[in-house]
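Undergrad: When you get a sec, could you build the whole thing from the sequences and use the hints?
Residue numbers (my numbering), protein chains in the order written: chain A, 1 to 993; chain B, 1 to 91; chain C, 1 to 209.
I should point out that these hints are in silico values taken from the structure, not numbers from a laboratory. Wrong hints could be hidden among the right ones.
[Said to hold, decoys possible] Which stretches of chain B does chain A cover? Using the computed rule of at least three CB atoms under 8 Å from a CB of chain A, they are: (1) 17 to 26; (2) 42 to 49; (3) 59 to 66.
The model shown is predicted, which means the values in this text are computed figures rather than measured ones. Heads up, the beta-carbon is just placed ideally off N, CA and C, and yes, glycines get one too.
So you can see what is in the structure, the chains are spelled out below.
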Amino acid sequence: MASAQTNRLDDGGLIDRSAPLNFRFDGKAFSGFQGDTLASALIANGVKLVGRSFKYHRPRGILTSGSEEPNALVELRTGARREPNTKATTAELYEGLEAASQNRWPSLRHDVMSVNQLFAPIFVAGFYYKTFMWPAKFWEAIYEPAIRRAAGLGRAAGVADPDHYDKAWAHCDVLIAGSGPAGLAAALAAGRSGARVILCEEDFVPGGRLLSDGGTIDGVPAAEWLSRTLAELADMPDVGIMTRTTLFGVYDGGTYGAIERVNDHLPSPPEHQVRQRLWRIVAKRCVVAAGAIERPIVFAGNDTPGVMMASAVRTYVARYAAAPAKRIALFTNNEDGWRTVETALSAGLQIAAVVDARPDVSPAHRSLASKGGFPVLHGSVSGVDGGKDGVRKIAVSLTGGARAEVEADGLAVSGGWNPAVGLTSFHRGRPTWNDDISAFVPDGAPPGMTAAGAANGDFGLGACLSQGFAAGATAARDAGHNGKAGIAPVADDEAFSLTPLWHVAGKGKAFVDYQHDVTASDIELAQREGFESVEHLKRYTTLGMATDQGKTSNVAGLAIMAAVSGRSIPETGTTIYRPPYVPVAIGAFAGHHRDETFHATRLTPSHHWAVEQGAVFVDTGLWKRAQWYPRAGEKDWLESVTREVKAVRSGVGFCDVSTLGKIDVHGPDAGAFLDRVYINTFSNLAVGKARYGLMLREDGIVYDDGTTSRLAEDHYFLTTTTAKAGLVMQHLEFCRQVLFPELDVQLTSVSDQWAQFSIAGPKTRDLLKEIVDPAEDLSNEGFPFMGAREVTLRGGLEARLFRISFSGEMAFEISVPARFGDAMARNLMLAGAPFGVTPYGTEALGVMRVEKGHIAGPELSGTTTAADLGLGKMMSTKKDYIGRVLAGREALTAPDRQVVVGIKPTDKARRLRSGAHIIPKGQTPGPGNDQGYVTSVCFSPTLDQWIGLALVERGRERIGEIVHAHDPLRGEDYDVELCNPVFYDPDGGRQRG
Amino acid sequence: MRIVCPFCGERELGEFTYLGDAKPMRPVAGASEDEVFDYVYLRDNVAGETSEYWYHGGGCRAWLKVTRNTLTHEISSVEAAAGAGAAKVGA
Amino acid sequence: MAEFSWAPRSSLEKALVAGAHGARGIEAGVSLTEIRNFDLIQVMARRGKGAELAKATKARFGVVPPDAPKAVQTPDATLIWSGPDQFFVLSKGGKHTMLTLAPALSGPASLSDQSHARVLISISGAKARTTLAKLSSIDLYAGAFPIGAAAATSMDHTSVTLWRGGDRPDELAVFNLLVFATFAESLWHTMLDAAAEFSVDISHSEELA
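TA: The following block contains the structure:
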């Protein structure tokens with residue numbers, strides 16, 4: 001049975017009393033209403049203690065009513081959805097909500113770690129730096145685990161988040177942050193002008209301080225003006241109000257980040273819906289009407305549960321009809337704080353006293369005090385008597401030196417207001433100091449952004465409305481909309497008249513940063529130890545570094561530093577502001593990109609056929625490629641791959657090689673263009689022929705390789721490696737557009753147009769004869785090695801046939817338009833059945849290329865030259881080409897370079913592994929005698945042993961030498977023989993036959 | 001960041017790929033090793049306006065020369081490479 | 001002698017399941033239709049041949065090719081801007097293939113067959129823009145992206161050609177999307193995930209809209 005809402009006021013508030021909601025906090029059942037936050041519902045139930053502090057495990061209550069909350073952080077939900085450090089002040093109440101307090105054991109009321117308070121003297125600023133310097137190994141083993149248990153806040157769920165997140169783009173003329181009076185007035189003006197407007201409001205109800213403070217606008221109560229304004233905005237099709245959405249960042253070019261808590265107000269998102277959505281909003285103009293944050297005054301015991309910001313007290317009383325206390329004292333240094341007294345009195349609450357730090361109090365307030373029967377004390381609160389059950393008594397130092405005590409169960413504090421300068425400062429803008437309000441105001445806002453109303457340091461309701469309206473109208477006009485904005489809403493401005501007060505001296509801990517437990521004395525200590533710069537102060541004390549980013553603490557911290565270092569506050573300066581303004585879940589940044597959808601995938605044209613064949617797939621960049629095709633009874637991958645290789649070498653097999661990059665190079669200057677990008681010559685390639693080409697980077701290192709065929713006088717078909725397909729296209733476009741714009745050449749990626757299959761093995765021709773039209777001549781004379789031309793297939797389909805070989809076998813590659821790729825795989829199986837045709841995967845492909853000594857990715861490592869790869873002779877001396885000059889540098893042509901050789905283990909039974917270092921035989925491995933490394937290995941079914949390729953110093957001169965392979969990663973040492981890298985058919989008779 | 005592609009209009013950063021300084025010009029054929037070395041390796045580290053190559057690979061595949069202030073990220077001009085849109089040459 | 005069938009197969013053959021997808025009990029907010037077996041030829045003007053190509057195109061299609069990101073409808077083809085000095089000719093039924101276009105255009109232009117390199121998806125419905133906002137950084141607001149507007153852009157890091165066709169009979173906008181064939185299944189699943197909350201009506205067609 002839920003306990004009664006003891007502190008719920010009898011009437012008023014923007015809550016739906018017809019919709020009661022049950023919830024649990026630390027396992028105890030409570031009830032609240034629709035429209036409550038978790039914080040307001042706890043307050044309505046008389047709960048004051050909601051958490052323990054970060055370092056000292058001090059009992060803490062609710063300090064604010066918004067996203068600046070440093071204290072009331074809870075674990076919301078349970079199980080996989082448990083989310084730590086959730087602000088109770090912004091968490092909407094829903095039926096069945098479960099929350100738990102943080103950083104306490106065994107319970108919130110009886111917390112063992114609160115003994116940390118007794119050791120407080122050692123937990124001062126910089127204690128990590130000072131305490132655990134020696135011995136180093138103790139840090140990982142002892143200190144850090146102990147500290148991690150003692151300090152910290154909530155616990156992460158520890159299992160994968162079951163919910164989905166997504167990301168979306170939005171575009172508008174005028175983006176407005178905040179739906180208080182300034183933001184709504186801006187939206188009215190911009191919307192009426194004809195602009196597309198997006199207004200982001202982090203609360204679940206628009207209205208901002210109007211919801212708590214009321215007032216009179218255009219002669220009607222604020223609530224009435226609010227509903228009238230929202231109705232007018234709702235009728236504008238190009239104005240959108242996004243509630244539950246916080247604008248958290250400003251990026252270059254008018255791009256903004258916002259986080260929408262789409263379904264955080266429900267126990268779990270409905271099916272097919274996301275929990276949160278990350279918005280990237282592109283706006284021509286932005287009006288920041290994000291309001292201001294009331295700041296605490298630093299005094300001893302200011303963290304006692306029941307001490308609350310004065311504006312938050314008003315919000316809980318007026319908006320939520322929940323009384324934070326029955327007998328409230330107010331400590332203020334400004335006029336605005338007194339509004340809390342009026343709100344409390346009109347709700348029937350008792351005022352214990354007002355402690356006003358200013359020299360004078362207006363006659364109106366004096367008469368309010370006498371009518372309300374409470375004293376007005378001139379002075380400051382110097383201490384609080386209370387504990388986990390809340391405030392009991394307040395000690396006051398009166399002006400003139402006398403002391404007084406006030407009995408109260410709650411203390412409302414107002415130290416003035418700080419404009420929310422985050423958004424306006426995210427492009428390194430430095431806010432400037434305004435003496436009138438003793439606060440920093442925006443300066444140096446990003447291009448296109450203006451602040452209005454309280455966010456700009458103008459706190460009066462009238463000023464908020466007129467400034468917001470003007471800013472909205474100007475923003476719309478700047479974005480090209482000149483419609484009539486009409487007349488700005490009108491209201492009076494309230495008095496503010498603040499006398500700055502930051503810190504009241506007294507006995508006991510006085511907190512500046514509640515969330516990180518940074519006290520006034522920590523700041524004084526930092527100054528004594530030389531950490532006067534605000535950036536040093538921040539890092540030394542961790543001031544402002546918690547998840548609240550110091551929203552309630554930074555300015556007070558600076559002010560105290562200014563006082564102890566004898567400088568003014570503007571001289572002391574602010575730290576740099578950086579997004580995000582509020583914490584944003586990593587899941588929202590990831591959006592759709594997690595698990596199987598972490599990145600886009602590419603599928604080959606025969607993919608689903610390969611799936612039917614039971615292929616095992618490997619991720620190759622974005623591609624899924626068939627790695628091998630296991631058959632029943634095969635015990636491991638090696639057995640499958642060995643079978644595939646043997647089938648190709650003795651019969652015929654095929655492999656989908658569509659992943660190779662394919663580029664159409666067109667135009668009268670296509671040949672001249674290729675001559676400049678390849679080290680060898682293509683302009684003299686005959687139509688109907690293919691040639692292997694090698695590209696260098698401009699620094700002389702090998703970039704990519706592949707075969708290029710000439711299909712017509714002005715049409716070449718270029719192929720790249722799978723890995724570099726996109727990059728080579730980009731490189732060629734750079735060459736075409738930037739380096740050689742005088743050439744008439746056109747490039748098109750045709751990678752996806754063609755399904756390409758390699759067909760290899762001595763029976764290749766037999767199989768092909770079944771597929772291609774009988775009229776096509778496939779003989780060695782009619783279609784010689786490196787021939788390339790269009791052919792007609794049986795059934796009339798046009799295809800391209802290339803007589804090229806990666807495997808070293810008699811082989812062709814055949815291309816058909818991609819929609820026929822699936823049919824091609826099936827037809828090859830059909831046509832090849834009499835010859836035992838075998839589909840093979842990337843593993844068998846790799847084995848055969850190593851057997852043949854062909855280079856691939858591991859050898860094209862970004863460190864090798866053409867000569868290193870044994871291809872130095874391809875470098876034309878008759879033309880300029882990319883990389884030619886720098887390839888001739890001394891170091892790139894040195895005789896002792898590491899070059900590609902073959903390796904065989906001297907023990908024929910030994911397995912090779914790539915990555916092993918090559919050391920001269922008989923020497924102790926070390927950096928001084930490291931002569932290279934093994935790049936590629938495979939088990940060669942043809943040679944019945946492991947073989948490999950390696951980059952070895954002067955390798956080609958050392959064929960036959962026995963060297964040592966040292967593999968410290970796997971703890972292996974063995975001897976290998978350096979040999980010719982072409983293990984298989986070195987004279988090439990098979991591929992030419 | 002957003003770049004106004006001369007062909008596509010304003011687009012978000014994710015559609016573009018950065019290459020680097022657009023100031024060095026590729027030396028003509030027959031240039032000395034020193035000249036090519038400077039072209040490949042020597043770069044100014046400018047605090048202020050620089051011109052740099054960007055590729056609109058996620059869009060129209062045009063190479064662009066972007067003038068950008070490295071201190072503010074403000075882009076003051078975007079030009080297409082000479083070979084992008086060359087069909088109008090001589091027109 | 002084996003009997004071969006050369007049946008074309010779309011990249012979405014497996015992934016596309018016609019019918020309803022996503023949220024139940026609400027009217028489908030998004031219609032996704034794959035259009036299969038089209039002809040798509042990339043036409044790239046040669047250096048200095050822009051005017052000549054415009055003339056040849058006008059002679060063949062009755063319109064000049066788009067020289068800005070737009071799609072131009074002719075009685076039997078759509079000419080879609082795909083980059084500076086280049087455009088696609090999209091058609092059905094073999095009217096404009098490499099074989100038929102080369103004689104008309106290959107003097108001033110280079111032609112490359114892309115018929116099999118792309119998958120064509122049409123997206124419409126009351127929630128089409130909202131769905132596309134999750135995939136595309138382009139502003140598809142009616143005023144910013146009117147009928148005939150086109151864009152060479154990216155979705156989910158995948159290059160696409162996007163253009164707005166004529167509105168549906170119910171006046172809702174239609175967005176057409178050409179995506180690289182090997183990326184198509186991946187983007188399709190991403191689109192379904194983006195649209196699922198609005199309820200999706202899935203189909204495929206042999207007809208260009």
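Undergrad: So, for every hint listed, does it hold in this structure?
TA: Hints versus structure:
1. Counting residues of the segment 17 to 26 of chain B whose CB lies closer than 8 Å to any CB of chain A gives 3, which reaches the minimum of 3, so the coverage claim holds.
2. Counting residues of the segment 42 to 49 of chain B whose beta-carbon sits less than 8 Å from any beta-carbon of chain A gives 0, not enough to reach three: the coverage restraint is violated.
3. Under the rule that three or more residues need a Cβ within less than 8 Å of chain A, the assignment of the segment 59 to 66 of chain B holds, with 3 such residues.
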